[in-house]
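S.K.: Okay, here's what each chain looks like letter by letter:
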Amino acid sequence: MSGGEAVRVFDAHRLLGQLPNTPAGVTADGLLAELDHLDIDACAATSTAELFGDPADPAARQAAGTVAGPRTLAVPVIVPAVAGAGWPATVDDVLAASPALVRACPVRHRFDPLGPVAVRWWPRLAEHGIPVAIDAAECGLPVVAALAAVHPGLRILVLSPGYRELRRLGELLETFPGVHVETGTVVTAGGVEWLAGRYGAHRLVFGTGAPRWDDAGARFLLEHLDLPAADVAMIAAGSARALIGTRWPW
Amino acid sequence: MIIDAHGHVGTWGDFFVPQPSADWLVATATRIGIDAVGVSHLVAIGYDTRLGNRMALDLARRHRGRLGVWLVADPHDRDGHSVVAEQLDEPGVWGLKLHPDVHECSVLDSRYTPYLRLATERGVPVLCHGQTRSDHSDPGDLAEAVRRHPGLRLLAGHAGLWPDGFTRAAELAAAHDGLHLEICGSRLTARWLEHLVAVAGADKVLFGTDACFLDPRVGLGKVVHARLSPADRDLVLGGNAARLLGSRARHDGG
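Protein chains in written order, with my numbering: chain A, 1 to 250; chain Y, 1 to 254.
If you're looking for bench data, these hints aren't it; they were derived computationally from the structure.
Even for Gly, the Cβ is constructed at its ideal location relative to N, Cα and C.
Just so you know, not all the hints are guaranteed correct.
Footprint (simulated), chain Y over chain A, 3 or more residues, beta carbon under 8 Å [what the hints assert, rightly or not]:
#1 79-89
#2 94-102
#3 144-153
Anything over 12 Å on all C-beta distances counts as not near chain Y; from chain A, calculated [as the list claims (entries may be wrong)]:
#4 Ala-24
#5 Gln-62
#6 Glu-193
#7 Ala-210
Here are some, though not all, of the chain A residues that point toward chain Y, as calculated from beta-carbon distances under 8 Å [what the hints assert, rightly or not]:
#8 Leu-19
#9 Pro-20
#10 Asn-21
#11 Thr-22
#12 Tyr-163
#13 Arg-164
#14 Phe-176
#15 Pro-211
#16 His-224
#17 Pro-228
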């Protein structure tokens with residue numbers, strides 16, 4: 001990175017709440033302390049109750065209601081499904097809430113992202129400029145590719161693609177302009193620079209997936225990228241800002 | 001002194017690595033403050049141990065003092081331990097590297113015995129891939145290898161690799177003098193590092209990056225930003241490696 005000016009940083013992928021398989025979860029105060037520790041200005045976070053539990057459950061609704069704060073954008077989980085089995089009940093309910101970003105987990109919540117219900121939701125989200133985050137570690141990049149092919153107007157943020165998928169990521173970015181990639185797990189040697197050099201820093205979004213995934217190394221990498229300062233600033237927050245638009249926190 | 005105890009150079013068949021070269025690794029290490037990196041060549045791990053080890057030795061000569069070499073031990077090479085024994089005192093050699101999973105041979109298999117005996121006799125450390133629940137490299141088996149070879153100093157690469165095995169690997173390291181934890185891996189977070197240090201003790205945990213599989217900047221960042229005391233951080237970043245490597249850590253190509 002060239003230039004000495006401090007870069008403002010937005011972590012597009014955080015979890016808030018208890019986790020089933022790690023020693024400690026994250027409270028709202030703990031999240032802010034972690035952001036401060038790593039000089040991260042703001043974040044987008046999903047309640048673990050929505051992710052690991054049933055998003056429609058009252059306990060999950062209560063937890064989800066505590067996510068948003070001055071430095072935290074809430075990323076609700078959606079489950080497009082037949083009446084009575086999904087969350088929220090209709091895509092109109094999603095649009096009414098006007099979230100900055102939504103998260104869909106087709107494998108974890110067992111719905112078909114290309115099924116009859118979901119295919120009615122995606123164009124509506126696209127029309128209203130609401131991007132969808134999909135965890136590649138959960139459902140694999142072929143699901144992302146299939147969704148992007150059917151709904152090219154939908155903006156998709158690929159979470160946690162991992163360090164072994166540069167070939168598939170390159171193909172996705174080359175083919176589908178609406179696809180963006182979270183950088184936190186793109187940790188093979190020189191991987192972020194390779195993607196930025198070919199497909200543009202504006203397609204890369206800083207995010208970590210903490211605390212399930214590591215935030216410290218991802219943050220250090222961001223600070224030491226061998227890219228022009230404008231590209232680093234774009235990855236650090238600019239590309240997320242373009243995705244999120246008017247709901248941006250600063 | 002910051003010592004990366006677990007590095008590689010070269011390409012790998014499973015996935016694309018944009019920066020596989022020793023030149024990039026050394027330049028990046030210089031930029032972020034890593035003094036030396038111990039590498040095994042991925043040719044040596046992947047398919048031709050003798051060739052890959054020679055390639056690693058050549059690179060260590062080109063990057064004197066910056067690259068150390070973990071000579072890969074091939075359990076399927078009947079005379080491999082003899083070749084490695086002759087190479088152990090070549091400039092830049094740090095010790096032996098075992099990858100029981102790629103070589104599909106348990107660390108406790110008799111085919112590894114000559115290598116472990118050699119490392120013990122010559123006083124060089126062994127870096128061994130360590131993978132929880134693997135039939136070949138479970139940390140419990142690495143602890144058993146240490147028990148069978150008194151005096152052996154064994155680094156459990158990746159500290160067990162999977163999050164559900166980190167605590168057990170740390171407990172094993174705490175219980176076995178010769179067993180240490182090396183911390184590279186995409187699943188090992190700074191939070192887990194803090195946990196490993198708390199359970200195993202800072203003197204049993206060594207910084208490693210898995211470059212060029214993984215980006216060394218990510219590995220260093222985990223230690224830099226972990227909530228460790230300055231003394232513990234110094235041990236993890238290089239103090240422990242310097243102690244285990246002894247004069248080999250100070251190789252300057254002589």
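S.K.: Each hint: holds or not?
M.R.: Hints, one by one, checked against the model:
Using a Cβ-Cβ cut-off of 8 Å, 0 residues of the stretch 79-89 of chain A lie near chain Y, which falls short of the minimum of three, so the contact claim is violated. Counting residues of the stretch 94-102 of chain A whose C-beta lies closer than 8 Å to any C-beta of chain Y gives 0; at least three are required, and the coverage claim is violated. Chain Y is given as covering the stretch 144-153 of chain A, and this is violated because 0 residues of the stretch bring a CB closer than 8 Å to a CB of that chain, at least three being needed. Remark: the non-interface label on Ala-24/A conflicts with the geometry, its nearest Cβ contact in chain Y lying 8 Å away (cut-off 12 Å).
The Cβ of Gln-62/A sits about 26 Å from the closest Cβ of chain Y, beyond the 12 Å cut-off, so the non-interface label holds. Taking the minimum C-beta to C-beta distance to chain Y, about 7 Å, the non-interface status of Glu-193/A is violated against the 12 Å cut. With a least CB separation of 7 Å from chain Y, Ala-210/A falls inside the 12 Å interface cut-off, contrary to its annotation. With 8 Å as the threshold, the beta carbon of Leu-19/A stays out of range of chain Y, its nearest partner Cβ sitting at about 10 Å, so the hint is violated.
Taking 8 Å as the C-beta contact cut-off toward chain Y, the hint placing Pro-20/A at the interface is violated, the least distance being around 11 Å. For Asn-21/A, the interface hint holds, since its Cβ comes within 8 Å of a Cβ in chain Y; the closest pair sits about 7 Å apart. Against a cut-off of 8 Å between C-beta atoms, the interface hint on Thr-22/A holds, since the closest Cβ of chain Y lies about 7 Å away. For Tyr-163/A, the shortest C-beta to C-beta distance to chain Y is roughly 6 Å, which falls under 8 Å, so the interface hint holds.
A distance limit of 8 Å between C-beta atoms decides the matter here; for Arg-164/A the minimum to chain Y is near 4 Å, and the interface restraint holds. Using the Cβ-Cβ criterion of 8 Å, the hint placing Phe-176/A at the interface with chain Y is not satisfied: the shortest such distance is roughly 19 Å. Hint status for Pro-211/A: holds, given a least beta-carbon distance of 6 Å to chain Y, under 8 Å. For His-224/A, the shortest C-beta to C-beta distance to chain Y is roughly 5 Å, which falls under 8 Å, so the interface hint holds.
About 16 Å separates the beta-carbon of Pro-228/A from the nearest beta-carbon of chain Y, more than 8 Å, and the hint is not met.
Violation of the numbered hints given earlier is confined to hints 1, 2, 3, 4, 6, 7, 8, 9, 14 and 17; the remaining hints are satisfied by the structure.
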